[in-house]
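Kindly generate the complete structure, drawing on both the sequences and the hints.
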Amino acid sequence: MTTTEPRIMPMGMAINEAMDVAMGLDEKVFLLGEDIAEPSGGVYKITKGLSTKYGTDRVRKTPISETAIIGAAVGAAIAGYKPVAEIMIMDFIGVCLDQITNHAAKIRYMSGGQTTVPMVIRTSAGAGRGFGAQHSELLEAFAVHSPGMKVAIPSNPADAKGLLISSIFDADPVLFVEPMLMYWDPAYAGEVPAGDYRVPLGKANTVVEGKDVSLISYGRQVHTCKKAAEELAAEGISAEVIDLRSIVPYDEAAVMASVSKTKRAVVVHEAVTRCGFGAELSSRIHEELFGTLAAPVQRVGGKNIPIPYASNLEKAFLPQVADVVAAVKRTNK
Amino acid sequence: MATTNRPDAPDRDALLRMFEIQQKIKTADERFRAMLTSGQVQLIYYSPRGQECISAGYAVHLRPDDYVVTIYRGLHDHIAKGVPMRELWAEFLGRGTGTCKGKGGPMHVTHPKSGLMVTTGIVGAGIPIANGFGLAAKLSGTDQVTVVNFGDGASNIGAFHEGLNMAAVWKLPVIFVCQNNLYGEHTPMAMSTGVEYISERASSYGMPGVTVNGNDPVAMWKVAGEAVARARAGEGPTLIEARTYRFWGHLMGDAMEYMPKEERKAAMAADPLPAFRAWLLDNGHANEAQLTEIEDQIKALVDDAVEFAMNSPEPPMDELYTDVYEEIIK
Ligand SMILES: Cc1ncc(C[n+]2csc(CCOP(=O)(O)OP(=O)(O)O)c2C)c(N)n1
Ligand SMILES: [Mg+2]
Numbered sequence: 008m009t010t011t012e013p014r015i016m017p018m019g020m021a022i023n024e025a026m027d028v029a030m031g032l033d034e035k036v037f038l039l040g041e042d043i044a045e046p047s048g049g050v051y052k053i054t055k056g057l058s059t060k061y062g063t064d065r066v067r068k069t070p071i072s073e074t075a076i077i078g079a080a081v082g083a084a085i086a087g088y089k090p091v092a093e094i095m096i097m098d099f100i101g102v103c104l105d106q107i108t109n110h111a112a113k114i115r116y117m118s119g120g121q122t123t124v125p126m127v128i129r130t131s132a133g134a135g136r137g138f139g140a141q142h143s144e145l146l147e148a149f150a151v152h153s154p155g156m157k158v159a160i161p162s163n164p165a166d167a168k169g170l171l172i173s174s175i176f177d178a179d180p181v182l183f184v185e186p187m188l189m190y191w192d193p194a195y196a197g198e199v200p201a202g203d204y205r206v207p208l209g210k211a212n213t214v215v216e217g218k219d220v221s222l223i224s225y226g227r228q229v230h231t232c233k234k235a236a237e238e239l240a241a242e243g244i245s246a247e248v249i250d251l252r253s254i255v256p257y258d259e260a261a262v263m264a265s266v267s268k269t270k271r272a273v274v275v276h277e278a279v280t281r282c283g284f285g286a287e288l289s290s291r292i293h294e295e296l297f298g299t300l301a302a303p304v305q306r307v308g309g310k311n312i313p314i315p316y317a318s319n320l321e322k323a324f325l326p327q328v329a330d331v332v333a334a335v336k337r338t339n340k
Numbered sequence: 153m154a155t156t157n158r159p160d161a162p163d164r165d166a167l168l169r170m171f172e173i174q175q176k177i178k179t180a181d182e183r184f185r186a187m188l189t190s191g192q193v194q195l196i197y198y199s200p201r202g203q204e205c206i207s208a209g210y211a212v213h214l215r216p217d218d219y220v221v222t223i224y225r226g227l228h229d230h231i232a233k234g235v236p237m238r239e240l241w242a243e244f245l246g247r248g249t250g251t252c253k254g255k256g257g258p259m260h261v262t263h264p265k266s267g268l269m270v271t272t273g274i275v276g277a278g279i280p281i282a283n284g285f286g287l288a289a290k291l292s293g294t295d296q297v298t299v300v301n302f303g304d305g306a307s308n309i310g311a312f313h314e315g316l317n318m319a320a321v322w323k324l325p326v327i328f329v330c331q332n333n334l335y336g337e338h339t340p341m342a343m344s345t346g347v348e349y350i351s352e353r354a355s356s357y358g359m360p361g362v363t364v365n366g367n368d369p370v371a372m373w374k375v376a377g378e379a380v381a382r383a384r385a386g387e388g389p390t391l392i393e394a395r396t397y398r399f400w401g402h403l404m405g406d407a408m409e410y411m412p413k414e415e416r417k418a419a420m421a422a423d424p425l426p427a428f429r430a431w432l433l434d435n436g437h438a439n440e441a442q443l444t445e446i447e448d449q450i451k452a453l454v455d456d457a458v459e460f461a462m463n464s465p466e467p468p469m470d471e472l473y474t475d476v477y478e479e480i481i482k
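Top line first, the protein sequences correspond to chains A and B. Just so you know, we're using this note's numbering here: the first sequence kicks off at 8 and counts up by one. Just so you know, we're using this note's numbering here: the second sequence kicks off at 153 and counts up by one.
The hints are simulated quantities; they were obtained by calculation from the structure and are not laboratory data. Be aware that one or more of the hints could be misleading.
[Said to hold, decoys possible] In silico negatives: residues of chain B with every beta carbon more than 12 Å from chain A: (1) Gln192; (2) Ala441; (3) Thr444; (4) Lys451; (5) Met462.
[As the list claims (entries may be wrong)] List of simulated lysine-lysine pairs, DSS-like, C-alpha gap at most 27 Å: (6) A:Lys270 with A:Lys210; (7) A:Lys233 with A:Lys218; (8) B:Lys265 with B:Lys290; (9) A:Lys340 with A:Lys270; (10) A:Lys218 with A:Lys270; (11) B:Lys413 with A:Lys52; (12) A:Lys233 with A:Lys336; (13) A:Lys310 with A:Lys340; (14) A:Lys336 with B:Lys323; (15) A:Lys52 with B:Lys417; (16) B:Lys482 with B:Lys451; (17) A:Lys233 with A:Lys270; (18) A:Lys234 with A:Lys310; (19) B:Lys413 with A:Lys55; (20) A:Lys218 with A:Lys268; (21) A:Lys268 with A:Lys233; (22) B:Lys290 with A:Lys60; (23) B:Lys374 with B:Lys290; (24) A:Lys322 with B:Lys482; (25) A:Lys322 with A:Lys336; (26) B:Lys482 with A:Lys340; (27) B:Lys482 with A:Lys310; (28) B:Lys290 with B:Lys323; (29) A:Lys340 with A:Lys233.
Note that the Cβ used here is the ideal one computed from N, Cα and C, for glycine as well.
Here's what the structure looks like:
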């Protein structure tokens, strides 16, 4: 019998591996973005080594020109390539929103299916680092609201790799949101399968099984939910934690099955609560399961404010374990 | 070009004011870096060390009611425009006594009382906003001018091109100061920019463009003075490309592996601040005692600001929802 060392790695390395695998599999895959080539290898080192391995034709460092980056990816995708464009930090998407919502998202439909845009926009996001209002925000809701765009947000290294490879080979444009705080933090490291490992979009993962309440989340806040589930368990409340992994498409069957069982749901994300994806999810649960719910669905998200700089206020912006626990209690009155 | 009769060289007063601004920036910067390195404070910090002469060179031409717009690497511009040192430090450290109650942080320092109107973390985004300040001054018939600062990298973003064109077409009283430190984050200018001199871009928008050695205080003073005079006289905008160098890379903690060691060593050896100090002495603009006195005062000013900021409390929690709108809307 042979034993192999488990491949434990941080999310940053898993994302690097996903791009490496995809570029090895298909020469139509190429990367473009600011500072992504050597010697820098990306400001967060996510593309480290790739320009050396695949050359600067396929790992292209760009000027600081977000509109031109996404536009070039859209055009190349229509022309048969599979571009992976990096927008360094999610807030900068505001600069190139037109290319995403009016072009990447709509082109398949507007052309009656003649032209398609199989591209990925990788971007990092998240508060908690003292970067202030313009470098911390999760803005996935805009893409959910742009039919034509898919959206994936991983919560662990294996999913990051598997979802990214799936996204790169998907037939449609995918916004791939990487929780920045998880890139290199060993606390979030995990085992990652080798080679061409794929996790399909639209398939949720039940992270913790439970019977009293469903905590539905994605990205880094899955970990907040896991901690909340532990606290609740100590009080005799059995919480199920569902990691959606992608929100367009999202695994509605898994959500409805879980909530049908528990009859209570709390949806949790880091983006501001108002008009966040949680609002959509909460609506859908009410539409489908109104009669079976024991309590209204609760939402926990970022506060409805720009992200503050001062660390005490920034912390108060973010969803906390206590907020999730309190929301669960509200479903139990 | 300028309509007013302007002196060719700064007088003694202007020289000493530039010296003072430069030293304030340098002293504050050195203290930030020391406190970061020793772990006393933790923050994201984009050092402006090496670029001080640019801010000092334009600031001495400005009035308190003129406007300045700058970027995340903005400490030098904040200080040059006269943002008070205590509130500036408190903002950098996220304290409730900061210029923005600790809500904005270093990347968003704002102090309208000093004319420091916007600090943005989005590359190039200040440029169109500066046009708005210029337009407001023009519409109200004042002779206020606006200086907008940005980097070489920012000249590749759409906002730069749209902004310069509009400013020229509308003859706005705006001075576009491109602080060209030769790098945008980890990318050398030559790898991202199709022209050798960013000032060349001005002509395609129909405005004057000039490249100046941003590390030469007198040259910078002269070029900025002409641009400010033109703007005040209603003759329109100017693009100034001020060449300089960032001594500490993009941000503190940057491994700087993409910057040739020799290049950085040479730039630091040619530090414009000690050179200017020596020049002032050699040319009899000041004596040692005068300069030492200025330096001592600045040291005391920074000591006081550090103490003020370190002893200031974090913002109160009830500030969480204030300032989102005029009234509280949750
Ligand atoms: C629109 C946008 N894209 C990317 C970034 C990330 N970023 C921050 S600073 C920077 C480099 C800017 O270089 P330059 O304009 O030369 O200014 P410098 O930092 O050298 O002063 C980049 C790419 C950003 N803040 N905003
Ligand atoms: Mg630069």
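Here is what the structure says about each hint:
Once the 12 Å rule is applied to beta carbons, B:Gln192 is consistent with being away from chain A; the minimum gap is 15 Å. For B:Ala441, the shortest C-beta to C-beta distance to chain A comes to about 41 Å, beyond the 12 Å cut-off, and the non-interface label holds. No Cβ of chain A comes within 12 Å of the Cβ of B:Thr444; the nearest lies about 37 Å off, and the non-interface call holds. The claim that B:Lys451 lies off the interface holds: its Cβ sits roughly 27 Å from the closest Cβ of chain A, which is beyond the 12 Å cut-off.
No beta-carbon of chain A is positioned within 12 Å of the beta-carbon of B:Met462; the least distance is around 14 Å. Distance check on the hinted pair: A:Lys270 and A:Lys210 sit about 21 Å apart at the alpha-carbon level, within 27 Å; holds. Between A:Lys233 and A:Lys218 the CA atoms are separated by roughly 15 Å; this keeps the pair inside 27 Å, and the hint holds. At most 27 Å may separate the alpha-carbon atoms for a hinted pair to count; B:Lys265 and B:Lys290 meet this at roughly 20 Å.
Proximity of A:Lys340 to A:Lys270 is assessed by CA-CA distance (about 13 Å); at most 27 Å being required, the pair is judged to hold. Only pairs whose Cα atoms come within 27 Å are accepted, and A:Lys218 paired with A:Lys270 is accepted, the gap being roughly 9 Å. At most 27 Å may separate the alpha-carbon atoms for a hinted pair to count; B:Lys413 and A:Lys52 meet this at roughly 21 Å. A distance of roughly 16 Å separates the Cα atoms of A:Lys233 and A:Lys336; the hinted pair therefore holds under the 27 Å criterion.
About 24 Å separates the Cα atoms of A:Lys310 and A:Lys340, which keeps this hinted pair within 27 Å; it holds. With a C-alpha separation of about 62 Å, the suggested pair A:Lys336 and B:Lys323 falls outside the 27 Å cut-off, and the hint is violated. Our distance criterion of 27 Å between C-alpha atoms is met by A:Lys52 and B:Lys417, whose separation comes to about 25 Å. As the CA atoms of B:Lys482 and B:Lys451 are separated by approximately 44 Å, the hinted pair breaks the 27 Å bound.
In summary, the hint linking A:Lys233 to A:Lys270 is supported, as the alpha carbons are separated by about 19 Å, within the 27 Å threshold. In summary, the hint linking A:Lys234 to A:Lys310 is supported, as the alpha carbons are separated by about 20 Å, within the 27 Å threshold. The suggested pairing of B:Lys413 with A:Lys55 holds, with an alpha-carbon distance near 21 Å, which does not exceed 27 Å. With a C-alpha separation of about 7 Å, the suggested pairing of A:Lys218 with A:Lys268 holds against the 27 Å cut-off.
For the given pair, A:Lys268 sits about 19 Å from A:Lys233 by alpha-carbon distance, which is consistent with the 27 Å threshold. At most 27 Å may separate the alpha-carbon atoms for a hinted pair to count; B:Lys290 and A:Lys60 exceed this at roughly 55 Å. A hinted pair counts as satisfied when its Cα atoms are at most 27 Å apart, and B:Lys374 with B:Lys290 qualifies at roughly 24 Å. For the given pair, A:Lys322 sits about 17 Å from B:Lys482 by alpha-carbon distance, which is consistent with the 27 Å threshold.
A C-alpha spacing of about 22 Å is found between A:Lys322 and A:Lys336, which places the hinted pair at or below 27 Å, so the restraint holds. Restraint check for B:Lys482 and A:Lys340: the C-alpha separation of about 24 Å stays at or below 27 Å, so the hint holds. Taking the CA atoms of B:Lys482 and A:Lys310, the gap is near 8 Å; set against the 27 Å cutoff, the hint holds. Under the criterion of a C-alpha separation no larger than 27 Å, the hint pairing B:Lys290 with B:Lys323 is consistent with the structure, at around 9 Å.
Taking the CA atoms of A:Lys340 and A:Lys233, the gap is about 22 Å. The hint holds against a cut of 27 Å.
Hints 14, 16, 22 from the earlier list are contradicted by this structure; the remaining hints agree with it.
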